Every structure is written in C-alpha cells, then in structure tokens.
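Undergrad: Here is what each chain is made of, one letter per residue.
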Amino acid sequence: MNRSGVSFLAVLTLTLGCLGLTGCTRPTAANFEKRLQEQLINAKPGDVIELPEGKFHLDRTLSLTADKVTIRGKGMDKTILSFAGQKEGASGLLVKANDFTAEDFAIEDTAGDGLTVQAADGVIVRRVRVEWTRGPNTANGPYAIYPTQCKNVLVEDSIARGASDAGFYIGQSDNVVLRRNRSEYNVDGYEVENAEHVDVYDNIAAHNSGGIGVFNLPDLPKQGGQHVRVFRNQVYENNTPNFAPKSLGPIYYLPTGTGVYIMAIHDVEEFQNRIHDNNTTNVYVIDYSTALSAPIKDTRFRPFTDHIYLHDNEISGGDKSPDVRLDGVKALMQVGGGSLPDILYDGVVDPKIAAGKKGQNPGQVCLSNNGAPTFLNLDAANGFKHPRNDLKAYDCSLPPLEAVKIPQVVEGSDKATAGGQ
Amino acid sequence: MPRVARAPSPARRCHRSLQRTGKAALALLVLLAILTACGRLPPPPVHPFLQEPFPEKLSDWHLFVGQSPRLQPNQRVIPYDLNTPLFSDYASKYRFVWMPPGTSASYRDDGVFDFPVGTVLAKSFAFPVDGNPGKNEERLIETRLLVHSKTGWIGLPYIWNESQTEAHLDLAPDPVPIRYTDSAGTRHDFTYFIPNANECKQCHENNHAVLPIGPKGRNLNKNFVYADGPANQLAYWTKFGYLQRAPAADQAPKVAAWNDPDAGTLDARARAYLDNNCAHCHQPGGTAGYTGIDLRVTDTGLRTFGVCKSPNSSGRVGTLSYDLVPGHPEQSILLARMTSIRPKEMMPQIGRSVVHEEGVALIRDWIQAMPVDDAACARNPSHPVPGARSRKPGL
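Sequences listed follow chains A and B, in order. Counted from 1, the first sequence has number 121 at position 121 by this note's numbering; the numbering is strictly sequential. So the number in this note's numbering is just where the residue sits in the second sequence, counting from 1, plus 1000.
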C-alpha cells in the first residue's frame, strides 16, 4: 500500500458500499483490494462501482464477470490503482463481461497488461489512463488498453504510456471506435490487429517507436481483419527506441521511427492525418513476408496488402535517422541509395491478382494528394532488383469506406470534435 | 453475501454439536449427553443450495460428516480421483461428487458428463502440517464447490479456519503462507493464492458457460479404492446410479496418468498433462482461445500446439521466438512459461505459485524427443512470392 497516497476518507467511501461477507469491517488500507474485488464479484447488472480518490496499491489482478457494470473513478489523475510489484495475475483489471464501462481512473505499473477486456459485446473505456510510470522499459507490460475478441467497442479520451507492445490494442474485434486518445512512449501507439470495422480518429500518437499499425497476423482464431479507417490523427516523432522484448514476436521487428504502417490487410483508408518526423519512415505499406521471416503455417492467412487508400494526409520529415538496429532496415537503405523515403511500399502484389495485369497497380494501392512526400517502391517481389520512385503510378482513388457504427456513438457526433486531447 | 438463518432441525443441531466438540470447549458430561441422544440418528442428508444466498458455512451443506480434516463423505457423497490432475503447488486434493436422489449424469465420450441440476462437486486442498515430516498430517486450506444451479454452474470458495473446524465462504480469499518440509526433506515456503470466485471462471468457463473440468470419461476411467474395496470409477458410478450410458471401462477412452511410465508413452503422458493443466484455457472458447493454441489431448497432431508459432499475445520469456520448437525445449516458450513463476510469464498465470518440477521434466523430455526440424521454424517454403529474402526489414 502506498501510504502517502491513501486518505482514510477515500477508503471509507469505498467501504460504505461494501458487501463483505462478514459485514463491513473497519476500513483499513489493507482491505481496499479485497473489498473492491468482492464488490466486483457481487456486482449485478446496472451496478456502478464508484472508486474513491486516492492511490491504492493492489497485489493481484482484479476481475469482473458481471454484465452491464460501470467502474467509475474520480478522474484519471485522482483515482489510481497501482499494481507495482504485482504478486499474482498479469493484468490489472481483467473483464469478461458484456456492456462494460470504465471511466475516470488510472491503472499503473501492472506486471502484464493494464486493462484487458475479453470477448465482450459492448465496451466503453473513457478517460482512463494506463501507464508504466518508469517510462519505456522492456520489462513493462505489453498492452495498456487491450480489448480482444470484442464487439461494439468505444475507447475515447484515454491515455496510454510505457507499454512494451501497444498503448491501445484492438485485437480480433469487430465494430470499434478509437478516438481522441493519446498514446505516447509505448513501442506501438495503436495497433489494429485482425480486427474489422474499426475507426481510429482524432488521436495522438507521439514519441512511441511506431505510431499506428493496421495489420493481420497468422495463427489467431480470427482471420481476415479489414475495413479500417484512420483519419485526423497526429502521428509524430515516434522515435523512442523500440523496447519490445524479442519474445513478443512481430513487434520486436517494428523499426523505431515508423509513423503509420499497414500490413497483410485489405480495405484500409487513411486520410487527413498529420504524419511527420518519424525518423525511419512516415508511411510503411508492406507484405507480411517482406517484413517478417516467421513461417506461415496458417492456410487461412493472406500475407498481401491491397485495396489501400491513403489520401489527403500531411506527410513530412521522414528518414532523419533510420533504425539501423535492424539489418533489414540497413538493407532497405541500400536499396534506397542510402536513404529512406516518407512513404515506403514494398510493391508486392498477390500473384493471383497480378496475373496478366503488370504495371497497372493491380493491388489497388492508392496514394494520392499527400503533399509532396518522397516515395520508394522496393520491388521486393523481384528481389529488390528495380526499386523505383514511381509515386505517380499510385495516384488513384478508391471508394471511401463507410463509417463504423456502434451503439455507443450517436451518428454524426464525431464531426463536432477536433484533434486530440 | 448474507448467511442463511434457519431454525436448525433437531438432527441438524445434534450434528452441529458433534462438530463443536472439536473445540474441546464442551464438558465431558455434555459430550456424553449428546452422544447418547444422537448415537443412533443418521447424519442429516446433503443439503444443496441452488441459488443465492449460499450458506456461509461449508458444514451447512452436510457434504461431510465427523471431524475434519478427515473429510469423511456423507451418504451419497462419493470420492473420486483423476488419471491426470491439475497441479496446484503440490497440494493434496480430495474430490467428491453428490447428485440429488433419483438423478444421474449422462456419459459423454468427449468432454465432461452432463450432470443433473442439483449436482455438487467438491474439491478440497490440503498441505502437510509444518514440523511433522513423515507424519502425514495435513492442514485443510480450502474446499471449492461447483454447484449446478438452475441457471448454470456456480463456483464457491470455502476457506478453512485455523482450528480446522469449519470452512467459511469467502469470495475473495486472502493468500495463505505455506511452510512445510516434505518426506524427501525438501523445504517448501511460499504464498498460496486461492482463486477468487471470479477467477474460477478463468479456468472453468467456456463460451461464457461455467463447466466442471475433471469428470470426463477419459480422466475418470481408473480404479479407486472405496471404503468397500477397489473398483473402476465409471463402473462404480454406474452401479451407484450416478452415471448412465457409460461404456464398460475397457471400452471407454482413458487418458494416461502423466506420472506413470507404465500408463502410456511419453507422448501420451505429456499430452495428458497439457490437457488437464492447460487445455481448459487453451482451447476454442476458453480464456486463452484467442491465442490460437489448443492443448487438448483430443488433438493428435502437433499443429495446434504452437509449433514454430510466434506468440501473438502478451506472453514473453527472454529472447525466445516460438511457442514450441521440436527437439529444442530450451527454445520453447511453452516450457519456459511452465518453468517461470513471474506473474506475467508463468503458465497457468493463476492457481500456481511454485514450479511443478516433475511436470516441467515431462514436457522437457517430450519436446526433446520430437524430431528436430530446424528448417520448419526458419523459413517459409510455401509462400508464393518469389525471391527468398534473408534479411527482413522488419514489420
């Protein structure tokens, strides 16, 4: 227990509503955790669990399995659940329940992930901060805000810092809106992985190793992530050296200084983003097999990247200091004549689509109206033999993707808001 | 959760008084009086509670008679055992089943039996008493109940008191320090974490439904020494009227005993171990279904075990790259996570505080014995894009 941060009054507030088996014993700092966990166990649909102001130390994962429950604190800097030195469980708060709402509190220094929500239909995370307070560190937990296999998810006005994989991770989910969040000093700012119908807008991704990744990976139960829109985000200076541990797999190979990247997915639209000063490359559009050498055993997996529409973005200031930690990046720099462009595309097209359509942009990767970015097509499919700067060949447009509709967001309300926190 | 207040029946009062004698608080006279009065009365039958509020005391269920820690089962409460159990910090475990009179479970070839509403499954955890190595004296820590209510299974953790006279329902139990020296002279000193009532679901839930895990044909198919002699459990349950449509024991599937080399090949025993220690989470619909590895014994191939698979989830151990690398236990994340006791690395991540050395040895031997296929994890021959590239630029 962090004594300095605990006010007696705060503990009292929580225990006032206590449902302990043995009645409400005299509130002490030490039983905050037990009482809160009991409240979560006894919660009934419709319950609001109010967390008092104060910093509380917890040793074990908190878990919630009751539907339609709200956990609400007094503010992301006022109600702090600190898991420093966590003894059991990896997550801070583990939720497996539908119609869950988390509001106005912070989770700090968990052993593993911060806020994990699994297999839920109906999730709202609002004004929640998840942070590893020592800053970037390989030993930090992987994901800060972490819904997987969920439906109808809204994450807004929240903050993530220090995750050794992604600050905001949307995995294997459907119908998701991520807006007005701030992600900084994580390895990846935002990851949309094997997910579909996702809108990512008005967020800030700054000072991570990479800004916003949209991709599919093999071997996950849900395959075929697609239909992702990334717009009006600010993605800048994502140059914090990648601190992911190697065992986390692909994220270890994310080059430091990547702005946005798109891999092994189709139907992605990214527009009106400001993407600048990401020191390896601002935009990275790539086939799974170009990026990673892990074998593909999953026959459902499609490594190709196509139907990508990047338009009306402001892109500037890439290639200041590419991540030469990765041999592959060094190799790319050689391909690029010693430097890397703002937009890096590997040029790999699904042979099935490419058959008989040489040179016509059969993969339908459209990069238009993005100012005057530098560009390189790596020609990776042909062993990097003919890298070229043929941005014009990709000046095309695709039909805009439809906005994601979730019950938590009233239609049109997103238009009223302007960039970031 | 409030305790139930009901006027105890005479038999019940009697039973209670008997239990209280354990406290040695009663005078001999009172004891004698009770014994005379109660001597011929049968213990009250099991009292199932199928909805909230659940009783605060374990004794209110009447699952056990006499004095703990012997946990002598009441009438119709049958003890059972499993071919390959879950490892829980070397705790001794005592499992019991009770079904309402006139009901029975239906056998299923694959998966847990179909139990009638009203079924109570109990599992108690005990550790040796410190300072008495070799004396076989144990201290009960907790008794977990799974109750088949009308709306589904409910998990209830009951925690034993210091004097071992009663266990109390505690939905978020405190950790318990465990210290003892085992018969081999090894000192054990650790904190035992009792799962809370929500954590039960992390292991027992599949597709949002709580289920028992152990009572499957393949895991129950073994002999048990009952009070009236040894018998095969499937046959005994059938004879007792607790099980319908079970095949004869020699026709029924049987999972290997993980620690008995005579009971199965190394491969069979390793798979049995993973089935009962991991697969309840690692299967479709389970807590770890989303990671895409499936550790059920019913799968014969290795494909679903994570061969050459990067962990896409939060698991991390050092610099290892793949869940399972045939022939290379030291490179396999699966083994590393069994060997770890750090919260974010260890598997399972709840319900275990110490390393299961023998289990780790089994899985190590198993991976070691697999034919090495370094190429399998190193490249991807099936990828249709020409031009094998050795140096990857990264994600």
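FYI, nobody ran anything at the bench for these hints, they're computed from the structure. No experiment lies behind these values; they were computed from the predicted model shown. Among the clues, some could well be false.
[Unchecked claim] In the DSSO-like style, the derived pairs of lysine-lysine whose C-alpha atoms are separated by at most 30 Å in a straight line are:
id : chain 1 : residue 1 : chain 2 : residue 2
1  : B       : 1254      : A       : 44
2  : A       : 34        : B       : 1150
3  : A       : 352       : A       : 297
[Said to hold, decoys possible] Interface residues of chain B toward chain A, partial, derived using beta-carbon atoms under 7 Å:
id : residue
4  : 1139
5  : 1171
6  : 1193
7  : 1290
8  : 1301
9  : 1304
10 : 1308
11 : 1310
12 : 1319
13 : 1339
14 : 1343
15 : 1344
16 : 1352
17 : 1356
All residues carry an ideal CB built from backbone N, CA and C; glycine is no exception.
Undergrad: Enumerate the violated hints, using their earlier numbering and listing them in ascending order.
TA: 1, 4, 8, 9, 13, 16, 17
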